[in-house]
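Protein chains in written order, with the working numbering: chain A, 499 to 1183; chain B, -17 to 418.
It is possible that part of the hints are untrue.
[What the hints assert, rightly or not] Negatives, chain B to chain A, calculated, CB over 10 Å: (1) GLN90; (2) TYR138; (3) SER146; (4) GLU150; (5) HIS203; (6) ALA211; (7) ASN213; (8) SER235; (9) PRO323; (10) ALA415.
[Stated by the list, open to error] Derived PhoX-like pairs (lysine-lysine); straight-line CA-CA distance at most 25 Å: (11) LYS148(B) with LYS1071(A); (12) LYS1071(A) with LYS416(B); (13) LYS309(B) with LYS1023(A); (14) LYS1023(A) with LYS347(B); (15) LYS416(B) with LYS596(A); (16) LYS326(B) with LYS163(B); (17) LYS596(A) with LYS401(B); (18) LYS1071(A) with LYS42(B); (19) LYS595(A) with LYS416(B); (20) LYS1071(A) with LYS261(B); (21) LYS196(B) with LYS1071(A); (22) LYS1071(A) with LYS367(B); (23) LYS595(A) with LYS401(B); (24) LYS1067(A) with LYS367(B); (25) LYS401(B) with LYS42(B); (26) LYS401(B) with LYS416(B); (27) LYS347(B) with LYS976(A); (28) LYS261(B) with LYS163(B); (29) LYS196(B) with LYS154(B).
Just so you know, the hints here were simulated from the structure itself, not pulled from any lab data.
The C-beta atom is built at its ideal place from N, Cα and C for all residues, glycine as well.
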Amino acid sequence: MKFMLSQSRLDDVVPGERPRPLIKPLKGNPMRNKKMILGVLGSTAFMAGLGAGSVNAQDKQWDTAGFVENATFYRDGAGISKSRNTGQFEFSKDFGKKFGLSNFRVSGTLRGTYDAVYDINDNEYGKNAGGARSFENFGSTTAQALFGGNGDSPWGLSILGNGGAAAGNPIPPGFLYDVSSNPNAGLKVLGEDMHAPMAGVTIGVPVRPCDEDSRGCGLQDYMDFDTNDLRFPEFNDQLDFIRELYFEGSIPTGDMSEWFFRVGKQQVVWGRTDLFRVLDIINPVDYSRQNIYDELEDIRIPQWIASAEYRWGATETFDDLNLQLVWNFDEFRPNALGQGGTPYSILDAGSFFRAMNNCWENGCTVSNFVPAGAIGLDDPGLIAADFAPGVIGIRNVNLPSGHDQGGIKLEGVYNSVGFSLNYYHFYQQLPVLRGNIPSMNAFTGEVADWDHLIAFDIDFPEVDLFGGSLDFYVDSLKTVFRVETTYTQGEEFANTLQPDLYSESDVLRWVLGVDRNTFIPFLNKNRAFLISGQVFGQHLLDHELVSGPLGDIGMPDWEDNYTMTLLIKGWYKSDTISPQVIMAWDYEAGAGTIAPSVDWLISDSWRLVVGFNIKVGDSMEDQQFDDCRTCNPFPPFTASPAHADPMQSGSVGLSGIQPLGRFRSGPLGSASEEDEFQVTLRYRF
Amino acid sequence: MFEKSVITLALAVGLGAGLVPAVSADVVDDSFYPYRDGTPTSENLAVGMTINAANADQFKDILDPATYEQLKNGWWEMEVGDTTSFDLHPNYVEATRKGLGQVSLGEQLGQINGFVAGRPFPEQPSLDDPRAGEKLAWNYKYGYNWGDSAAIYPFYWRYRDLESGKIERTLKFNFHFLNYKHRVQHDPVPEFEDNPSDLFRAIYVQVLEPFDVKNTQLLIHRSSDDQTADNTWLYLGFQRRVRRLSSGQITDSFLGADIMIEDFEGYNGRISDMNWSYKGTKNIMLPFFNHNDLELATDLEESDGYQFVDFGGKGGCFPNITWQLRKVHVLESDPVDENHPISKRTHYVDAQTFTLPRTLIYDRKGDLWKSWLIGQAHPDHHLEKNKGTGVSIDDAFSMLDVQAGHCTTGQFKGQVDPKLNEVKIFTVQNMRAKGR
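Bound conformation, chain A alone (with noise of 0.2 Å):
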């Protein structure tokens, strides 16, 4: 079976963009790591340095702004998710004409993130997370006369595999795996945050931070964070504490035309839609920070650009005419999905990725994967299994080298309309997971690359992406309209009828938005609000899905889906107390979240925003698809009586929640059991 996270479903459902790889944190040299920041902050200096020699200066003052935050999140059944506190320093300069170039200009952005939860709830995320879990052994009789209770066997002592083994029976070499070294602790039961096991596959995940467990945190520079990294999630490798550094500046050719340059680690922003992207990807996100619900600026995670813009301003024929040409010439970064342990976890999707890859380094434990009959016991039920190191799993990521990404955007008004025509070439930012790995059969202990078996590499295949925008005012309506879409080519989707359960497809996606100004006077009769409405459709155009004798068998996601947004926000007192709420609702996954929160500019200086974040709808044990079990990767002992023929690997469809529901769940229903109450107190300077 393959697992892949869907690049549409994420970054169609969502708004900003995906989870960002972890961003390195000053691991390794302390030196060196020392040596880069000191490089990067003495050209700064240098600079600054620049400015205050010069003599065309239009403004001698740096312009500097900045803020220190607390944001402060419980979430019910974990208690304390967040406790970030913030420091962000802004400074800019005009240096006039430099370099040749008009308006030269400096800007940067220093931002350091302290967050205290790793440390004040160290038992749900830190060092105490996690324990010793068992695993279910679905109406197994068997099971539960050897276990007692509800039959669930602890992690290690499958009956088909070390448990098995320590009872005397023959067990195939692939279903054993060494306790001591894959201890029963620190551990939490995939989705058993969301949902029972309910029949379905799960996996066993170490949750600690990996300094205190480094099991499943094998994939190099990806998903590796040790407590440090994600209490201080800016100060990695790659700098992530500047934010932004860039210098810009224009060439004029004429009273309305010019040349703009902007070179530096920056964010390039495509696009007219809140919440979700569609156009908006050139800067990988941080979705690890806090799920879909932050701001887009503060969770794109800014990349080396360079970026060149000839502006033609008001032509002939357009009110105003510029073309971009795009170069992200730093490293591919995909998204930050979070890691398994840690408080936003996209999808669940780090949690999935960390049980896989200890599955592969250390081996697994997997719950309800064999009918016990399938082993000559006379009973009923499903029995968990002990999967032995290089069988199933993640084994690698293979991080694209980068430097290649760019794009060009058209960009204009005509006749009053907004437009863009916009191409770009670029690495998905979500994962795939591609089957197509040499790993060892369970039974024989022969190592090949094996059909339809749950072993893969992580890979971030090359996408095109064609688009457009619109936007406009209807003035009979009072209403202005947002249009975007996209098709992309290249992106790749779990698949559980392909032989490496993953495909390519073509997708479309388009978003409608709506924004009107409305008097709501029994709730301010001096105040508009300002009402916003969206709904984001994607289609794959490339889709599989065929009914097996046992369920669906393909791509979980789903063909068609839309996603339907909803923001309506109000202001009192000058502006300084600004309710709103925040709606949105997965027409697929029938879920949804309502976030209410109030905004409260208490000065210049301080500020509050209380809120919470609630979900409504279907949870993620509502959503199951095909998981593997019944996928016969090494006929014929894994055949099933549904199969045809023995010798023919391929799924006959058996589901679970786990671990392709999530691609049904999507981010709203997967985080169904994340209930939040929110605190954020801010202090600008």
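For this one, chain A is given, so just place chain B on it according to the hints.
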């Protein structure tokens, strides 16, 4: 050779003058120089005196109703200054002269025919003319206002509590204005060549402080066709994205101030958005003054030594300026849109400059809601660069919400300087470039 040229020019002017009927010259002169034969007077009114709670009743006839109430309540005191002529730029006057008699209203509200430049309808309005109010509105729309272009650079807004005087917020802006058409002074005259949407005017606003709204930018494009809706865009720094605004946001509080975008400059909407009624001409006190003669604020001094108008009175809501008795056309506007948040405005239009220094705004029930004051400074007594520009300089404002007991005050550094208003900054793309 030189003498010959002078003679030729004099001859041409003489011939030209002879082609214009004498009555026309009087109409234009009457409109632009109402005080050439003397300034208005009022019984008991004297330059240098103060009108306050004790004597406000004596001057009720030369005060607008809101100003009278404020003085009567003792919220502030009015210092009376000389009535002075605010001569607009001679090119604007000349353009008016050229267009005299060639401009007419169209059949529908918001239509005008034959207008090129200058003041479209310089004739004294008549109460017998059912469309006199509309003509006054056109005179305001195509008024010399900020000239061909200008900047308020910078511009401080303060949100104040009328009762406590507490300054709740201070915002710092740059405002830029540009006329694409009907230009009379700075090149290109009379209009820009590349203007595919036939824009008349644009306003660009950049917020500099405080941090929560820093980098917010506003761009308004107003079409020459008054019946075409404005295009308005807002760049939000925290979103790094340009959003198009609906008209609902134009008639709503701007950044929490007591001002809506439609209030900018006195009235910042289309002629066709309102029904206009002329209510008569009279002499009343208006906030016209010489900036350099005032006792100015000391807390916001610019590096070049420029000082802003100071504020005082109740809640600090009233500018410390002098007032003049001036000729005023009283103009009422009520919204065409039934859902508009106000029921009407009463504009006290300065007859010489066609600025809107006083406007009273009434809520949907018809009760007075806001008192809108825009103080006008003479350009020859302001920044050096403003001398001789013939622009009546907006120099201080106060929007007082009499129902909420709250006000927003504004302190201007108005600069009539084309270099600050290059046409390229009035584009959507510029907002993205200026933003972060």
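(message) What's the verdict on LYS261(B) and LYS163(B), does the C-alpha distance respect the 25 Å limit or exceed it?
(response) 30 Å, violated
(message) Does LYS596(A) sit within 25 Å of LYS416(B), going by the straight-line distance between their CA atoms?
(response) 18 Å, holds
(message) LYS595(A) and LYS416(B) were given as a pair; does the straight-line alpha-carbon distance stay at or below 25 Å?
(response) Measuring from Cα to Cα gives roughly 16 Å; hence the hint holds.
(message) Against the 25 Å threshold, does the CA-CA distance of LYS401(B) and LYS416(B) hold or violate the hint?
(response) 17 Å, holds
(request) Quickly compare the C-alpha distance for LYS196(B) and LYS154(B) to 25 Å and report which way the hint goes. (result) 9 Å, holds
(message) Tell me if the straight-line CA distance from LYS309(B) to LYS1023(A) falls inside 25 Å.
(response) With a Cα-Cα distance of about 36 Å, the restraint between LYS309(B) and LYS1023(A) is violated, given a limit of 25 Å.
(request) Would you check the hint for LYS326(B) and LYS163(B), treating anything up to 25 Å between C-alpha atoms as holding? (result) 29 Å, violated
(request) Would you check whether the claim that TYR138(B) is not at the interface survives, using Cβ distances to chain A and the 10 Å cut-off? (result) 13 Å, holds
(request) Say whether it holds or is violated: SER235(B) keeps its Cβ farther than 10 Å from all Cβ of chain A. (result) 5 Å, violated
(request) Measuring Cβ to Cβ, find out whether ASN213(B) lies farther than 10 Å from everything in chain A. (result) Non-interface label on ASN213(B) violated, nearest chain A Cβ at 5 Å vs cutoff 10 Å.
(request) Measure nothing beyond the straight line between the CA atoms of LYS1023(A) and LYS347(B); if it is 25 Å or shorter, mark the hint as holding. (result) 11 Å, holds
(request) Sort out whether LYS42(B) lies within 25 Å of LYS401(B), counting only the CA atoms. (result) 44 Å, violated
The structure is inconsistent with the numbered hints 4, 5, 6, 7, 8, 9, 10, 12, 13, 16, 18, 20, 22, 24, 25, 28, although it conforms to all the rest.
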